[in-house]
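There are 2 protein chains.
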Amino acid sequence: MSVKISMKDVAKEAGVSVSTVSRVLNNGKYVTDETKNKVNTAVKKLNYRPNVIARGLRTQKTNSVGLILPDITNEFFGKLAKSIEEKLNEHNINLLLCNSNENPKIEKNYIEALLDKSVDGLIFISSGFDENLDLFPEDLPVVVIDRRPSADRNIYFISSENKKGGYLATKHLIENGCRDILMLKDEKLVSPMNERLLGYQAALRDYNIDFRPEYIIKSKIDLKEIKEKILKIHNKIKFDGIFAGADRLAIGAIRTLSKLGYQIPADIQIVGFDNIPFAKYYNPSITTIAQQIDKIGHKSAELIIELINNKNMGQADSFYFPVYLIKRESTT
Amino acid sequence: MSVKISMKDVAKEAGVSVSTVSRVLNNGKYVTDETKNKVNTAVKKLNYRPNVIARGLRTQKTNSVGLILPDITNEFFGKLAKSIEEKLNEHNINLLLCNSNENPKIEKNYIEALLDKSVDGLIFISSGFDENLDLFPEDLPVVVIDRRPSADRNIYFISSENKKGGYLATKHLIENGCRDILMLKDEKLVSPMNERLLGYQAALRDYNIDFRPEYIIKSKIDLKEIKEKILKIHNKIKFDGIFAGADRLAIGAIRTLSKLGYQIPADIQIVGFDNIPFAKYYNPSITTIAQQIDKIGHKSAELIIELINNKNMGQADSFYFPVYLIKRESTT
DNA sequence: CTGAAAGCGCTAACAG
DNA sequence: CTGTTAGCGCTTTCAG
Numbered sequence: 004m005s006v007k008i009s010m011k012d013v014a015k016e017a018g019v020s021v022s023t024v025s026r027v028l029n030n031g032k033y034v035t036d037e038t039k040n041k042v043n044t045a046v047k048k049l050n051y052r053p054n055v056i057a058r059g060l061r062t063q064k065t066n067s068v069g070l071i072l073p074d075i076t077n078e079f080f081g082k083l084a085k086s087i088e089e090k091l092n093e094h095n096i097n098l099l100l101c102n103s104n105e106n107p108k109i110e111k112n113y114i115e116a117l118l119d120k121s122v123d124g125l126i127f128i129s130s131g132f133d134e135n136l137d138l139f140p141e142d143l144p145v146v147v148i149d150r151r152p153s154a155d156r157n158i159y160f161i162s163s164e165n166k167k168g169g170y171l172a173t174k175h176l177i178e179n180g181c182r183d184i185l186m187l188k189d190e191k192l193v194s195p196m197n198e199r200l201l202g203y204q205a206a207l208r209d210y211n212i213d214f215r216p217e218y219i220i221k222s223k224i225d226l227k228e229i230k231e232k233i234l235k236i237h238n239k240i241k242f243d244g245i246f247a248g249a250d251r252l253a254i255g256a257i258r259t260l261s262k263l264g265y266q267i268p269a270d271i272q273i274v275g276f277d278n279i280p281f282a283k284y285y286n287p288s289i290t291t292i293a294q295q296i297d298k299i300g301h302k303s304a305e306l307i308i309e310l311i312n313n314k315n316m317g318q319a320d321s322f323y324f325p326v327y328l329i330k331r332e333s334t335t
Numbered sequence: 004m005s006v007k008i009s010m011k012d013v014a015k016e017a018g019v020s021v022s023t024v025s026r027v028l029n030n031g032k033y034v035t036d037e038t039k040n041k042v043n044t045a046v047k048k049l050n051y052r053p054n055v056i057a058r059g060l061r062t063q064k065t066n067s068v069g070l071i072l073p074d075i076t077n078e079f080f081g082k083l084a085k086s087i088e089e090k091l092n093e094h095n096i097n098l099l100l101c102n103s104n105e106n107p108k109i110e111k112n113y114i115e116a117l118l119d120k121s122v123d124g125l126i127f128i129s130s131g132f133d134e135n136l137d138l139f140p141e142d143l144p145v146v147v148i149d150r151r152p153s154a155d156r157n158i159y160f161i162s163s164e165n166k167k168g169g170y171l172a173t174k175h176l177i178e179n180g181c182r183d184i185l186m187l188k189d190e191k192l193v194s195p196m197n198e199r200l201l202g203y204q205a206a207l208r209d210y211n212i213d214f215r216p217e218y219i220i221k222s223k224i225d226l227k228e229i230k231e232k233i234l235k236i237h238n239k240i241k242f243d244g245i246f247a248g249a250d251r252l253a254i255g256a257i258r259t260l261s262k263l264g265y266q267i268p269a270d271i272q273i274v275g276f277d278n279i280p281f282a283k284y285y286n287p288s289i290t291t292i293a294q295q296i297d298k299i300g301h302k303s304a305e306l307i308i309e310l311i312n313n314k315n316m317g318q319a320d321s322f323y324f325p326v327y328l329i330k331r332e333s334t335t
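Protein sequence lines correspond, in order, to chains U and W.
Yeah, the first sequence ends on 335 if you go by the working numbering, and it's all consecutive.
Yeah, the second sequence ends on 335 if you go by the working numbering, and it's all consecutive.
Derived by calculation from the structure, the hints in this document are not laboratory data.
Heads up, a few of these hints could be off.
Where chains are identical, the list cannot tell them apart; a pair therefore holds if satisfied intra-copy or between any two copies.
Claimed, not checked - Straight-line Cα separation of at most 25 Å, BS3-like style, residue types lysine-lysine; simulated pairs:
| hint | residue 1 | residue 2 |
| --- | --- | --- |
| 1 | K90 | K302 |
| 2 | K120 | K47 |
| 3 | K108 | K330 |
| 4 | K314 | K7 |
| 5 | K108 | K7 |
| 6 | K223 | K90 |
| 7 | K221 | K64 |
| 8 | K64 | K7 |
| 9 | K108 | K48 |
| 10 | K314 | K90 |
| 11 | K235 | K262 |
| 12 | K64 | K223 |
| 13 | K262 | K330 |
| 14 | K120 | K108 |
| 15 | K283 | K235 |
| 16 | K7 | K111 |
| 17 | K227 | K298 |
| 18 | K82 | K191 |
| 19 | K330 | K230 |
| 20 | K82 | K223 |
| 21 | K48 | K120 |
Model the full assembly from the supplied sequences, consistent with the hints where possible.
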């Protein structure tokens, strides 16, 4: 039975012309109720479904949005993708998901592929290579999340108050008595981490603690790598607190330090970032800075839809969502 | 500069006909090297990119594959999605990702949307509502993963040796001295969990331990829910071992039991399933049954590509990938 | 209110 | 080897 049935078949069945069918399906304006009924009956009877490819060719709209992100298995990006997709789905827009794997070259390929596919808009979490932003045509609706492109680009941007998060985390540690505070951060020069670092530095300054560059430990957000880094420095540097720029880093650190015999939080206190689901269920549970991922995701989706429907929105805006500290067992 | 340039422009620039351009771009057969050069030069000069929508309309191929899965934030599905996408990308096939959220109705919408989009094939992880499988047209290449549809459907299926996994986990606990072994399983009637349960039962039988239905604890794969379930039963049922059908369940259980004062593994030994990255870094690290997610993902992608290129492959096959036990601290 | 006709950009016979 | 032609399925003037 798999013969694809087209508008032509519906038209014949309903005894009207193709254009009338099209009219009924699209807006229903300028059509008698009677013809409407005839068409609708025929549509049902034949189980007709419009061919969106043909429609796309004609209208130059695809009802699809591309999402490029570094790694879907990172729980932050995973949740983000989910909330974006959820919202787009409400508007019958499909999501084309692309993992750049933090690789600018793959990212470039994906951008081109998505443009070729004529996506109506693009939501973009950069691999950190700003040049790829130049691939976007002027008139393509684009929303950038999380990793801020350099300032001179006129582009919509959404993220959390990362600096404030770093400040809150560090302040919490200081007020709990820590004086020698490590910061664990991504090795990449990517804005959220840098802003968290700025927050960390600002807190130290406010409490008159000297900033020491050797207290910044760089590692991929990878459990194994952070373990190796911790093993390498734990007996070279003296520290009583850790601000981990991501919960994954916090988990790797806690695990490694526990195995080395340190007590958390008695010997070393730790604050993470992101509030991934496991943070609450880790042993010990992890004090962390929560981001409102759902809000970021929904806002991104809403914004891209708005941009698609109304391309001329003038000066691009930025949006920053509040973060807050959740106190758990990894700090006193 | 954003005027979309088409094959016509290239043809004019190169001084040839549109069909010649098409020929050069597609296979290059039956064209002089000279014309080839002319065309290629024009393509480069104009920075031409083919319109895949138009091509799709004409060829009835979209070079895209749909992936429907229950929840991208579940690390098993996330990794699966990533490995599928990776492989498809090698073949220049785009992935349309859809989260059904374990909801048959959303799932149905997505199936229809993907069919409307004329995806070339579909990779499908069911929400557990088999009727949705009937929505697939006979001639659509489909690969089902993880959750096996009822046997009478002629459909390609890929998963792990779940029963064997359940057996290995339970056997390990028994050989470590456990006699009262809980099984934590998804509340859904979904095949992987049921097969793990069969493995659990088979192991008990082989070691002459009675199966007691009250030792099967059902919970969503959700940290909070499993916590509540454990709290409810821990002092009603006596147990010295737990086989958790998913690492997430294992983590929720360990955390809850630790808080209650039980020592893991001294008082209670636990084996999980999946080998998610955190299993290795949990406190204590978790003995688990590893699935070869990458292999499953790559196989699915390869299979769907094969089916797309060669629709008539006859009787549908099933593929089961080996699992193995990784010994860590949550068992002795 | 409805139908005819053109055309979105591309590919695939079919001639030559 | 290359050009002409038709048409994929739909929307959108333009007449009527």
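Status of the hints after comparison with the structure:
no. : hint           : in the structure
1   : K90 with K302  : within (9 Å within a copy, 31 Å between copies)
2   : K120 with K47  : between (30 Å within a copy, 19 Å between copies)
3   : K108 with K330 : neither (40 Å within a copy, 39 Å between copies)
4   : K314 with K7   : between (35 Å within a copy, 17 Å between copies)
5   : K108 with K7   : between (39 Å within a copy, 24 Å between copies)
6   : K223 with K90  : between (31 Å within a copy, 24 Å between copies)
7   : K221 with K64  : neither (44 Å within a copy, 46 Å between copies)
8   : K64 with K7    : both (22 Å within a copy, 14 Å between copies)
9   : K108 with K48  : between (49 Å within a copy, 22 Å between copies)
10  : K314 with K90  : within (20 Å within a copy, 35 Å between copies)
11  : K235 with K262 : within (14 Å within a copy, 32 Å between copies)
12  : K64 with K223  : neither (39 Å within a copy, 40 Å between copies)
13  : K262 with K330 : both (23 Å within a copy, 17 Å between copies)
14  : K120 with K108 : within (18 Å within a copy, 28 Å between copies)
15  : K283 with K235 : between (28 Å within a copy, 20 Å between copies)
16  : K7 with K111   : between (36 Å within a copy, 19 Å between copies)
17  : K227 with K298 : between (31 Å within a copy, 22 Å between copies)
18  : K82 with K191  : both (22 Å within a copy, 23 Å between copies)
19  : K330 with K230 : both (24 Å within a copy, 20 Å between copies)
20  : K82 with K223  : both (20 Å within a copy, 18 Å between copies)
21  : K48 with K120  : between (32 Å within a copy, 21 Å between copies)
The structure fails hints 3, 7 and 12 (numbered hints given earlier, in ascending order).
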